[in-house]
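Sequence lines, in order, name chains Z and H. Positions 1 to 368 (UniProt numbering) are the ones given, in order, by the first sequence. Positions 1 to 368 (UniProt numbering) are the ones given, in order, by the second sequence.
Some hints here could point you the wrong way.
Once the Cα atoms are required to be at most 25 Å apart in a straight line, the calculated SDA-like pairs of lysine to any residue come out as [as the list claims (entries may be wrong)]: (1) H:Lys231 / Z:Leu346; (2) H:Lys262 / Z:Thr34; (3) H:Lys269 / Z:Ser52; (4) Z:Lys314 / Z:Gln197; (5) Z:Lys59 / H:Ala258; (6) Z:Lys169 / Z:Ala303; (7) Z:Lys144 / Z:Ala339; (8) Z:Lys314 / H:Ile360; (9) H:Lys36 / Z:Ser52; (10) H:Lys226 / Z:Gln349; (11) H:Lys107 / H:Pro201; (12) H:Lys169 / H:Lys314; (13) Z:Lys226 / H:Leu346; (14) H:Lys191 / Z:Thr365; (15) Z:Lys178 / Z:Gly298; (16) H:Lys269 / Z:Asp48; (17) H:Lys59 / Z:Ala258; (18) H:Lys314 / H:Gly186; (19) Z:Lys166 / Z:Leu346; (20) Z:Lys331 / Z:Lys178; (21) H:Lys269 / Z:Ser62; (22) Z:Lys269 / H:Lys191; (23) Z:Lys191 / Z:Arg165; (24) H:Lys175 / H:Gly186; (25) Z:Lys169 / H:Lys36; (26) H:Lys269 / Z:Glu55; (27) H:Lys178 / H:Leu346; (28) Z:Lys269 / Z:Ser52; (29) Z:Lys269 / H:Lys269; (30) Z:Lys255 / Z:Asp108; (31) Z:Lys191 / Z:Gly106.
Covered by chain Z, according to a simulated footprint, are these stretches of chain H (three or more residues, beta-carbon under 8 Å) [unchecked claim]: (32) 114–125; (33) 175–186; (34) 253–260; (35) 348–359.
Quick caveat, the hints were computed from the structure, so don't treat them as lab data. Quick reminder that beta carbons are idealized off the backbone N, C-alpha and C, glycines included.
Chain by chain, the residues:
2 protein chains.
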Amino acid sequence: MKRRQFLSAATAGAAAAAATSVIAKPAIAQNAPTIKWRLSSAFQPSLDILWSASELFAKVVSDLTDGKFQIQTFPAGEIVGTAQALDAAINGTVEIIHTASYYYVGKDPTFSLFTAQPFGLNTRQLNAWILAGGGQELADNFFKKFGLVAFPGGNTGTQMGGWFRKEIKTVEDLKGLKMRIPGLGGEILSKLGVLPQQIPPADIYPSLERGTIDAVEFVGPYDDEKLGFVKVAPFYYYPGWWEGSAGLHFMINDKKFAELPKTYQDAVKAAAAVVNQDMIAKYDARNPGALRRLLGSGATLRAFSQEIMEASYKASQEVFAEISAKNEDFKKVIESTTAFRNEEYLWFQVAEYSYDNFMIRQRRTKSD
Amino acid sequence: MKRRQFLSAATAGAAAAAATSVIAKPAIAQNAPTIKWRLSSAFQPSLDILWSASELFAKVVSDLTDGKFQIQTFPAGEIVGTAQALDAAINGTVEIIHTASYYYVGKDPTFSLFTAQPFGLNTRQLNAWILAGGGQELADNFFKKFGLVAFPGGNTGTQMGGWFRKEIKTVEDLKGLKMRIPGLGGEILSKLGVLPQQIPPADIYPSLERGTIDAVEFVGPYDDEKLGFVKVAPFYYYPGWWEGSAGLHFMINDKKFAELPKTYQDAVKAAAAVVNQDMIAKYDARNPGALRRLLGSGATLRAFSQEIMEASYKASQEVFAEISAKNEDFKKVIESTTAFRNEEYLWFQVAEYSYDNFMIRQRRTKSD
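Sequences are here, hints too, so could you generate the full structure?
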C-alpha cells in the first residue's frame, strides 16, 4: 500500500503563494492540493481517549480541507515507538506526532515543562498560560531549536498519585520504595529516598504482582482501570502533584509545516484546538464512573499526607534550582510558569475554589 | 455600503451537492463559493474579551475557507440589541449571533440552563457535559424548536457574586435588598427576600451611586473593573453561585446553516471550538491582575456566608421544581445536568480539588 505521498517543496511553495493571492477569486486546483501525511501517536488504541485524539485530529483536518489533506494515523510502535517519535518528527520520517513532550526529557529537561511541571499549573491555568500568558511563544522558541512546531493537543487533567502495595503515611515510608515513575517526578521523589524505576507499560502489572516494584503511577481512574493495578496494589493515592495537569502536543516537522498552504496550516491549528477541548471533556466525563468501579473493586483511596506533600514541594524546588543552574531554557520557562501560577491561584482561590468547595460539601451531605 | 450578500438557496444547494461529490477531484469554483454573513454580538467592544470572541470566530472561519466565507461582526445595538438578537437569528435578519442563551429565559426558561445552572456544573464540567455527556444532543433538540443550531462559544469561568453597598452576613440581611440580577439567580434570591432589578448596563453605576439599588452582579474582576462599581459598592462577594460557569454560544439560523457547503459548516464548528478554548484562557489570564487592582482600589473581598449559601441552594431546588412541573424541556435538561454534576464532583473532589487545595495553601504561606 502506498501510504506516503509527499507534496514536493516546489509545488507546495507555488500553492502557498497562490493561496495568499487568490482571495475572492474562484478556487483553483493549486489552491487545494492533495496532501498525505503520516502521524505517529505515542499511544496504543487500548488507551482509547489518548489514541482517539489522533483520529479526531485527522478527521477534522480532512473535513476542513474537503478531504484533500489526509493524515494517516499509526499507533505507537507501528512506524516508531514512543521514545523514538520525537526523532522521527525531527528527521521527517513522519510529518507529525501526537505525544507528551516530557517523554523527551532525556534530550532536554525543558521538554518536561510543556507537559507538566510538578506543583505547576492546573489544566485551565496551563491552557491560559499557553494561549494568553506567553506560553506558546516560549514553546515556539524552544521547539524551533529542534526543527519542530508544536500545538497543544489535549490534557488528562490532574493525574492520580498512583497505586501502592502498602500504605504510605510519612516521608520515612517512602525510603527505599521502588516506584515506576518517570521524569521530573521521579527525580524529585528520589530526593526523598524513592528508587524510581523505568518499566515499559506491559511489564508493570507482573512487576507489581511479584513485588519487584512497590508502586506505580500512571494517569487517572479511566486509564488506570484498564491495567488492573487495583488487584495487586490497592492503595490509590492522590493527587499526582507531579502532574497537576498533563498537556499533550501535536509536534510537526517545521519544514513540512512550512510547505503546507496557509489554509491547511490553519486547519491543523483548528483541529488541534478541537482535540484540546475534546480530550479533557472525555476524561472529565469518564473518570467518575471509572473511579466508582475501582472503589467497587477494592481500591482504597488515600490522600498523600501533608508531610509528604510539603517534603515533595521542597524537594521539587531543589530539583528546579539544580536544573535551572545548568539549563537556560529550563530556567526561562519555569520562571514564566511559576510566576503565572502564583498569580492564577490568587484568583482561583476566590470564585472557582469556593464554588467547588461548596458543591463538594453539599454533595457529601447527601447520601451517595 | 453593501453589507449583506446572500447566497441564493439554489446556488447553495448545488454547492453543497458538489462539495460531497468531488472529494479527490481537483477543486472547482462551486466547491468554494463566496459567502457573506452578518454576526450580531450580544456585547459591546468595551467588554473586549466577550466582543473579541466574535472577531476571532470570523477570522478563523475566513482563514479556514481561504477568505471565501466572510462573517461581518456587529456589536450589540448596531443591527439589533441583545434582547432582540435571538429573534433576529430565528427570523434570519442576521445569520448568526454570539450571545448567552440565558438572556432569552423569557421565551423559555430552558434557555437559561445552557449558559448556567445555579449550583450547577463548573466550567470544565459544563464542557464535559456538552461534548461528552449528552449535552450537545439535548441542546440540539431544544434549539431546533426555534429553528436554530448552537455551538459552545466561550465561557467566563465561575463568576463573582457581585458588588454590595453594605456587608451581607445573614439571610436576614438579604430582605428588601434591591439587586440588579437577571434570570434564575434573581428568581431564586427573591425567595429569600431580595428584590431583583432589571437595569441596562449603562444605568447600573448611577443607580448604585444614588442608592436606587443596593447591589449588582456582573461578571468577574476583569469585566467588573471597567464599570467602576468598586467606588460606590465596595463589598465584593463570591462565589456567584448562580453562575458557577457561564457558557456562551454561537447561535445560527438553521436554514442558513444547512445551505452552507459541508466544509464551511465544519469551519464554523472548528472556529467555535477555537473561541471556546480561547475565551476562558483570556479570562483566567487577566482576572488575577484585575483582582489585584480592584483590591488596591478599595474592594473588600467577602465570601457569602454558609447560611446564605445553604439557603440559596435550598431556594434553587424549589425554583427548579416549580419550573420543571410546568416545562418538560427544562425538567429533562436539568435532570441531565444535575445527575452529571453529582458524578463529576465525585471525581473532582479527589485529584483536582486536593491539588488546588494544596497549591492555594502553599501560596498563602508565602509572603504576597
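Tested hints:
1. Distance hint between Lys231 (chain H) and Leu346 (chain Z) is fulfilled; the C-alpha atoms sit about 22 Å from each other, no more than 25 Å.
2. With a CA separation close to 18 Å, the supplied pair Lys262 (chain H) and Thr34 (chain Z) stays within the 25 Å bound.
3. Distance check on the hinted pair: Lys269 (chain H) and Ser52 (chain Z) sit about 19 Å apart at the alpha-carbon level, within 25 Å; holds.
4. Annotation: proposed proximity of Lys314 (chain Z) to Gln197 (chain Z) holds, straight-line Cα distance about 22 Å (limit 25 Å).
5. Taken as a hint, the Lys59 (chain Z) and Ala258 (chain H) pair is honoured in the structure, with Cα atoms around 20 Å apart against an allowance of 25 Å.
6. For a cut-off of 25 Å, the pair hint linking Lys169 (chain Z) to Ala303 (chain Z) stands: about 9 Å separates their Cα positions.
7. A threshold of 25 Å between alpha carbons decides the hint, and for Lys144 (chain Z) with Ala339 (chain Z) the separation of about 24 Å falls inside it, so the pair holds.
8. Restraint check for Lys314 (chain Z) and Ile360 (chain H): the C-alpha separation of about 16 Å stays at or below 25 Å, so the hint holds.
9. A threshold of 25 Å between alpha carbons decides the hint, and for Lys36 (chain H) with Ser52 (chain Z) the separation of about 35 Å lies outside it, so the pair is violated.
10. As the CA atoms of Lys226 (chain H) and Gln349 (chain Z) are separated by approximately 22 Å, the hinted pair is consistent with the 25 Å bound.
11. Between Lys107 (chain H) and Pro201 (chain H) the CA atoms are separated by roughly 21 Å; this keeps the pair inside 25 Å, and the hint holds.
12. Taking the CA atoms of Lys169 (chain H) and Lys314 (chain H), the gap is about 17 Å. The hint holds against a cut of 25 Å.
13. With a C-alpha separation of about 20 Å, the suggested pair Lys226 (chain Z) and Leu346 (chain H) falls inside the 25 Å cut-off, and the hint holds.
14. Only pairs whose Cα atoms come within 25 Å are accepted, and Lys191 (chain H) paired with Thr365 (chain Z) is accepted, the gap being roughly 23 Å.
15. Our distance criterion of 25 Å between C-alpha atoms is met by Lys178 (chain Z) and Gly298 (chain Z), whose separation comes to about 22 Å.
16. With a C-alpha separation of about 23 Å, the suggested pair Lys269 (chain H) and Asp48 (chain Z) falls inside the 25 Å cut-off, and the hint holds.
17. Using a Cα cut-off of 25 Å, the hinted pair Lys59 (chain H) and Ala258 (chain Z) holds, with the two alpha carbons roughly 20 Å apart.
18. A hinted pair counts as satisfied when its Cα atoms are at most 25 Å apart, and Lys314 (chain H) with Gly186 (chain H) qualifies at roughly 14 Å.
19. For a cut-off of 25 Å, the pair hint linking Lys166 (chain Z) to Leu346 (chain Z) is broken: about 36 Å separates their Cα positions.
20. Note on Lys331 (chain Z) and Lys178 (chain Z): the hinted pairing is violated, with a Cα-Cα distance of about 30 Å set against a maximum of 25 Å.
21. For the given pair, Lys269 (chain H) sits about 14 Å from Ser62 (chain Z) by alpha-carbon distance, which is consistent with the 25 Å threshold.
22. Our distance criterion of 25 Å between C-alpha atoms is broken by Lys269 (chain Z) and Lys191 (chain H), whose separation comes to about 48 Å.
23. About 21 Å separates the Cα atoms of Lys191 (chain Z) and Arg165 (chain Z), which keeps this hinted pair within 25 Å; it holds.
24. Taken as a hint, the Lys175 (chain H) and Gly186 (chain H) pair is honoured in the structure, with Cα atoms around 13 Å apart against an allowance of 25 Å.
25. For the hint pairing Lys169 (chain Z) with Lys36 (chain H), the CA-to-CA distance comes to about 64 Å; that exceeds 25 Å, so the pair is violated.
26. Distance check on the hinted pair: Lys269 (chain H) and Glu55 (chain Z) sit about 17 Å apart at the alpha-carbon level, within 25 Å; holds.
27. With a CA separation close to 37 Å, the supplied pair Lys178 (chain H) and Leu346 (chain H) exceeds the 25 Å bound.
28. Straight-line distance between C-alpha atoms of Lys269 (chain Z) and Ser52 (chain Z) comes to about 17 Å, which keeps the hinted pair within the 25 Å bound.
29. With a CA separation close to 14 Å, the supplied pair Lys269 (chain Z) and Lys269 (chain H) stays within the 25 Å bound.
30. About 22 Å separates the Cα atoms of Lys255 (chain Z) and Asp108 (chain Z), which keeps this hinted pair within 25 Å; it holds.
31. Distance restraint check for Lys191 (chain Z) and Gly106 (chain Z): the Cα-Cα separation of roughly 19 Å lies within the 25 Å cut-off, and the hinted pair is therefore satisfied.
32. Counting residues of the region 114–125 of chain H whose CB falls under 8 Å from any CB of chain Z gives 5; the rule of at least 3 is met.
33. Chain Z is given as covering the region 175–186 of chain H, and this is violated because 0 residues of the stretch bring a CB closer than 8 Å to a CB of that chain, at least three being needed.
34. Counting residues of the region 253–260 of chain H whose beta carbon lies closer than 8 Å to any beta carbon of chain Z gives 0, which falls below the threshold of three, so the coverage claim is violated.
35. Restraint check on the region 348–359 of chain H versus chain Z: 12 residues with Cβ-Cβ distances below 8 Å, three needed, restraint holds.
In the structure shown, a violation is registered for the earlier hints numbered 9, 19, 20, 22, 25, 27, 33, 34, in ascending order.
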